[in-house]
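Since the structure of chain A is provided, determine the placement of chain B on it from the hints.
Here is what each chain is made of, one letter per residue.
Protein chains: 2
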Amino acid sequence: MECQLKITLTEQRKEKPASDKLGFGVHFTDHMFTMDYTEGKGWHDPQIVPYSPVTLDPAAMVFHYGQTVFEGLKAYRNKDDRAWLFRPDQNFKRLNRSLSRLSMPLIDEDFMLEALKQLVATEKEWIPTESGTSLYIRPFVIATEACFGVRASHTYKLIILLSPVGAYYAGGMKPVKIYVENHYVRAVRGGTGNAKTAGNYAGSLKAQEEAKEKGYEQVLWLDGIENKYVEEVGSMNVFFKVNGEVWVPELNGSILEGITRDSTIHMLKDWGVPVVEKRISMEDLYEAYTKGELEEAFGTGTAAVISPIGEMSWNEHKMVINNAQIGELTSKLYDQMTGIQYGLVEDKFGWSVEVTKA
Amino acid sequence: MECQLKITLTEQRKEKPASDKLGFGVHFTDHMFTMDYTEGKGWHDPQIVPYSPVTLDPAAMVFHYGQTVFEGLKAYRNKDDRAWLFRPDQNFKRLNRSLSRLSMPLIDEDFMLEALKQLVATEKEWIPTESGTSLYIRPFVIATEACFGVRASHTYKLIILLSPVGAYYAGGMKPVKIYVENHYVRAVRGGTGNAKTAGNYAGSLKAQEEAKEKGYEQVLWLDGIENKYVEEVGSMNVFFKVNGEVWVPELNGSILEGITRDSTIHMLKDWGVPVVEKRISMEDLYEAYTKGELEEAFGTGTAAVISPIGEMSWNEHKMVINNAQIGELTSKLYDQMTGIQYGLVEDKFGWSVEVTKA
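These protein sequences, in sequence, are chains A and B. Using this note's numbering, the letters of the first sequence correspond one by one to residues 1489 to 1846. Using this note's numbering, the letters of the second sequence correspond one by one to residues 1489 to 1846.
Just so you know, these hints were derived from the structure itself, not from any lab. Ideal placement from N, C-alpha and C gives every residue a C-beta, glycine not left out. Be aware that one or more of the hints could be misleading.
According to the in silico footprint, chain A covers these stretches of chain B (three or more CB under 8 Å from chain A) [claimed, not checked]:
1) 1506-1514
2) 1539-1551
3) 1624-1637
4) 1640-1649
5) 1664-1675
6) 1678-1689
If we strip away everything but chain A, and leave its shape as in the complex, we get (with noise of 0.2 Å):
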């Protein structure tokens, strides 16, 4: 499918980080992806733009009422200076689906995957070539209309912006402690947990500070309705290794469908290791834990890909998880994901996608 866009590119190309200050999120290329809707008129106006900013009436609905959607994934650029994209189309299937949830409408998959392949091509310098390092993809979508009434917006801006990030292990891979939150919900069904959308995160920060007033590093959210069964750690799904079988919590429409979760739960089956899909209860983890039975526990997500949990408290509990060290299983699997992510292990599951030149 040909991509038709306008590019307009940049005549101040900015300053690339060094390697070892990327951190996260923080640098960002010099073009950007955008594109307008109008309703009555669809999606229209593609094009590479230099990096630049937003410009939005006060009323624009995005500020007052929320509608806006995001997604993550990230761009790898190997020895042979290829560059990849890993499982692209699942974000753009996702985003669709968010999308629908918030009543925004829907873009075409095929045309945005071929867009941002346009993007990273035409940023291909951007994308760091040290180990761990990456370039981090946000696409989104605001609500533009500048109106008060509480209804969807007839007018929207889809954007991609591109940031060079540094390894989420700056120094070396490490074990996190988690404080299992009681208190604060992230999301229930019926609601928006299952949608990459703005407010989950907003309404996740306060239980994150507070965690880290008390030592922790990240919370580990419990269902909205009984609080009782593990739906997922900060912003990562979670997996526990229990006497040999890996248990991850079920897709219930509160917990988002993370894609680096299905290519766990892919691998692990594709190693003869049985996954059990299930809802977990917090009981059931203490119990194996006090069995001796709960081996490891690891987050995964697009930023950190695999991350092992070390510690896990809750309420008067406090469990230490393979004497907080990285688990066997958490390794291979980070090593793996990450080793197809960037082209040093075969993709046997088809998932990487090169980005072919604009």
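Okay, now just chain B, sitting in the frame of chain A:
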């Protein structure tokens, strides 16, 4: 308290819309109030400036993680040309509660009230005078830092916009048909339901649209845990008159603490009408209905003030309330509440605050 703020008046006044063409939140006045926040420096540079676009980095956190809160209140102008606000102190109190829930910096309530008075005094000629019209006031705060890290922003912008609005019931007050929502959920205990934040509204649009398709004007939200107890109606609080008593859902953490709700309770109690704040199940309401005891139902909110409910559809049950006519108590509440707001009725509660000249 003296309010020190810089005022820059516009050189190009807009034409004011005709009072029968106002609508809701589509026209905006000549000026707005803005104030900035920077970590370490606090809130600074309060000013009244010409109404103008907001220019933000596309990576500004409000677009991605939804850190934003707002308020809504009205200014009224009465026959002797004096302008009044209705309980504005309560709006700034609630704004601070919302800011706290969203991990955003608190504002000085007294300062903000003085700033608002100055802004409204500056725009006094924009307050329409026809019956039922008013000047809608929208204070809001957005996270402005450009960063993809999931954490609270270090910079924010507070803006107050003013919009002359028409009578909510252009063709006279009319009872609405309500769909009792049994799939989508607005909020849950531990979430952000009692904060006035964008995400609550974004998540509600889908249910609202589906109800409209089924022929209903608003959605009645049930609790997110058991899908059994009444929470809100549309973006209003809800009241039921049952056998001479008035029932209102108790504030449980997921219901917005409406200022019109609070005023209604005070007014009813002052009249000697028994008011019960409690958990109200749909079963109880339906039982009262079948016994002929569900006498009136209405929503309360800043936009409509008091909005009569004529019909509720709950699963297979259709409940027509008071023959789909406006109830006597509903009508009296509307007259007395708006009477105080427009200065036509003695304000025995001390709710009205005069806007004195800047």
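**Report entry** Coverage criterion applied to the stretch 1506-1514 of chain B (partner chain A; beta-carbon cut 8 Å; 3 residues)
**Finding:** Result for this restraint: holds, n = 3.
Query raised in the report: Are three or more residues of the stretch 1664-1675 of chain B within 8 Å, CB to CB, of chain A?
Result: Contact hint for the stretch 1664-1675 of chain B vs chain A: holds, 5 residues under 8 Å.
**Report entry** Verdict on chain A covering the stretch 1624-1637 of chain B, where coverage means 3 or more residues with a C-beta closer than 8 Å
**Finding:** holds (count 8)
Report task. Examine the stretch 1539-1551 of chain B for residues whose CB is less than 8 Å from any CB of chain A, and state whether their number is three or more. Result -> Holds: 12 residues of the stretch 1539-1551 of chain B have a Cβ under 8 Å from chain A.
Query - 8 Å C-beta criterion, at least three residues: is the stretch 1678-1689 of chain B covered by chain A - result: With 8 residues in contact (Cβ-Cβ under 8 Å with chain A), the coverage given for the stretch 1678-1689 of chain B holds.
Query raised in the report: Are there three or more residues in the stretch 1640-1649 of chain B whose C-beta lies closer than 8 Å to some C-beta of chain A?
Result: holds (count 3)
Comparing the model with each earlier hint shows no violations; every hint is respected.
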